[in-house]
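J.: Protein sequence lines correspond, in order, to chains A and B.
So the first sequence is numbered by the working numbering: it starts at 190 and just counts up by one.
So the second sequence is numbered by the working numbering: it starts at 2 and just counts up by one.
Note that these hints are calculated values from the structure, not bench results.
Any given hint could be a false lead.
What the hints assert, rightly or not - Where chain B lies over chain A, by a calculated footprint (3+ residues, C-beta under 8 Å):
| # | segment |
| --- | --- |
| 1 | 237-250 |
| 2 | 254-263 |
| 3 | 273-284 |
| 4 | 294-307 |
Note that CB positions come from ideal geometry on N, CA and C, so glycine has one too.
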Amino acid sequence: MLLIDDLHASIGDTEILSGLSLEVAAGEVHAVMGPNGSGKSTLAHVLAGRDPYQVTAGRVLYDGADLLAMTPEERAAAGVFLGFQHPVEIPGVANMYFLRTALNALRRARGLDEVGPVEFLAIAEEKRRLVEMDRMLMDRPVNDGFSGGEKKRNEILQMLLFEPRLAILDETDSGLDIDALRVVAAGVSSLRSPDTAAILITHHQRLLDHLVPDRVHVLAGGRIVRSGGPELAAELEAHGYAGFDTRCSRELPAPIGSGR
Amino acid sequence: MTLAARTVSAHPSEGLQLPLAGWPSDPDWLAVARRGAAAWVTANGFPSAKHEDWRYTRIDPALAIPFATDTDTGRRTATGGSWPDVSLRDLLGPGLGGIRLVVVDGHFAPELSDHGYLPSGARLDSLHDALAVAPHRLEPLWSWHSNGYPHALRALSDALATDGILIDLPTEAVVDDPIEIVLLTVPGRAPHWSHPRIVVLAGAGSKATVVETHLGVPGQPSVTNALTQVVVDDGAQVAHYVIQDENLDSFHFSSLDAHLGHSSRFSSRLLAVGGRIGRHEVHTVLHGENAEVELHGLFLTGSGQHHDNAILVDHAALGCRSHQIYKGVIDGDGHGVFNGHIVVRPGAVGTDAHQTNKNLLLSDRAEVDTRPRLEIFADDVACTHGAAVGQLDPDALFYLRSRGVPHQEARALLVSGFVQEVLDCFADGPIRQYAERLVAAHLEPIMSAGRRGTDSASDSDSDSARDVSASRSRGGTAK
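Construct the complete structure from the given sequences, taking the supplied hints into account.
T.: Next up, the structure:
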C-alpha cells in the first residue's frame, strides 16, 4: 500500500530525513518509534504534504501512485489521514460544521453524494459516542479551548468519520490518560481490515500495550535503523534508545573553544 | 468621466461654493446654524493628511464632486422626481419585516417606504417635515458642535442637510421590529453629494432597533455625507446598525453620534463592504452614570477600496461600560484603517472600557493602519485595548486541507471563522441573515482571487498573529 524509498527531507538547510525506507502492506499496523528529534513528526508531515518540508531525494508510492506529487487535499481524498500531534484550533468555525464540510469535500472527491445536515447529525453522534467525547464540544469552535485529551478524541472522531485507508497517527498517545488511550486504541482497532493500514508514530510503548502492531521500526537520525515484531517495542521500553545510532541530523553549533 | 481630471485646489475650501442662502422654510435658528456651519467650513477648510484623525484617508477626490445639485433646491417626490421607481424597488429587495423608510439622495421617498405599527405618541417622519412641524425637537441637534466642529464634513451636514428621518420615541415606547432606513444613492445628471440626516430621540425607558442600509446604484461616483444623531435617554435601549454597501465608484462618509443617559444602553454595529472610499465615524458620549455601549464593526476591503473607521468613546460619567470589537479583512491592494480612541474623563470612576481591533490581510499588497488609543484621567478604572494584524494561519490552512477541504474552500472557511465573532453580535433573525448573505457574497470574489495564486507566500508564512500597537502593516511580511 505504502512504499517509502530512500526518502530525504529537509527544512531550510537542515536535513531531517536521511534515506528513510519503509514498506507498509494493506492490513498491517506499523509502529514507528524513536527518540525526540529523530524525524518522526517530519515523516508524518511529509506524508501528509506539509509545506515547509522539502523532499530532496527518494520517492513515496501510495497504491503505486506518486504521493509526493499530490496536494494535501488530494492525499486526504485518496484515503490518507494524519492524526496531529498538536491539533490546530480554529476559532469561529463550529466543530460540527467543520466535520460536515470536510466529510462532504472528501465524498465529492470520491464521487459520492454529499451528506445533508440531518443525516450528518446521526453519523456524527454515532462517532462521538465511540470516542466518548462531550456532546458540547461538537458545537464549539474546532479544538478551541479543548483539553489535550479532548483534542485527541476529536482527531480519532475525524479518523472514524473520514474512513481513511492509511491512518498515520503522530504521537496521538502522548499526554493521554488511560481512558483516552483506550479510546485511541479502540478507534484504530475498529479501522483494522485487510484493506486498510496504520502507522503509529509514538515515543512510548503504552499505546502498543492496547494495540499490538504487526511491525515495529526504530527511527533514529532520520532513517529506520532497526525493524522487528511487537517484541521490539518491549525491548525498547526496557533498554531505551541507547545503543542505536541516535546521532541527530541537525547541525549543532560547535561548543565554544572546541577549536573547530 | 474621471475624477482625477478635475482640479482640486490646494486649499480645498478655497473657492468653495456653498449654497449659503438657506431655505425659505428654515426657522431662524436653523438659518443661523447653517450660516455658522458654512462659515466654519470656509474658515477651517477640509481635513487633510495633516489632521491626526484623517492621516490615512484622502477627501480630495470627493471634493472634486460639486455640492450643489438639483436636489438642493428642494426634495423630489415621486411625481416630480427623476428616478425610475420600479427598478429602485427591485434594488431594495425584501425588507427586515418591520417599518422600512427609504431615503433617495438624501431625501425621504414616501412612495418607496412601508410604514408599520408604531406605539402611541411615537413620531416617525421625514426630517424635512419635522423641521416644519416640530422644529423644537430638532433645534438642540444643530448645536452639538457650537464650540467647533471636529471636521468639515460634520459642519457640512449642519449647513446643507435638509432631509432624512426623525424617529421620536416617547417615554417607555417599545418598537419590537427593526426600523429599517434604506439610503439610496442614484445616478443623476451629474455626480453629486447628498447629506442625509437621521435623528433618533429615544425617550426614557424606550427601546428600538434602527438599521441603516446604504446602497448605491452602480454607474456613477457620488458622495454620501450622512449624519446620524442618537439621544438615548435614561434607561432607554437603542441598537443601531449600519450596512454600507455603496457602489464601488462612490465616496461614503458617515458619522454616528450617540449621547447616552443614565443606565441607558446603546449598541452600534457596522458592516462595511462597499464604496471606493468609505469612512464611518462613531462618537459616543456616556454622560449618564451606569450607561453601557457596545461597538462592533466588520469591514471587508477589496482591491481599490479604502475603509476608515474612526471611533471615539467618551466616558464622562461614573461606572459606565464600553466594549468594542472591530475586525477587518483586507484583500488585493485594499487599505483598512482603525482609529479607535477611548477617553476616560476625570471623575468617571469605575469605568470599564475594552477595545480590540483585529485585521486579516489576504494579499501581500493589502494594508492596514491600526491605532488603538486610550486616555485615562480617572482612578479605579478597568481599561484594555489591543490590535493585531495577521494573515491566514498556515497551520490551520494545512489542517483543513489534510482533512480533504480544498485550498480555496479552506481559506473561505478560515475567513468566515475570523469574521464570525462580529457577526455573532448582530441580532438573530433577518438582520443577521442579511449581514451573513452580504459577507458571503463579498468573500466569494476574495476567495476566487486567491485561487489565481496570489497567496502561495502566505501559505508558508509563519507570521500569522503578530501583535501590533499603533503601527502600519503590510501583507507579505519579509521572511
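J.: The structure should be examined with respect to each hint, and the outcome stated for every one.
T.: Here is what the structure says about each hint:
1. Note: the segment 237-250 of chain A has 5 residues with beta-carbon separation from chain B under 8 Å; the three-residue rule is met and the coverage holds.
2. Proximity of the segment 254-263 of chain A to chain B, defined as three or more residues with a beta carbon under 8 Å from a beta carbon of that chain, is established by the 3 residues found.
3. A stretch counts as covered by a chain when three or more of its residues have a beta carbon under 8 Å from one of that chain; for the segment 273-284 of chain A and chain B the count is 8, and the coverage holds.
4. For the segment 294-307 of chain A, the stated coverage by chain B holds: 3 residues have a C-beta nearer than 8 Å to a C-beta of that chain, and at least 3 were required.
The structure fails none of the hints (numbered hints given earlier).
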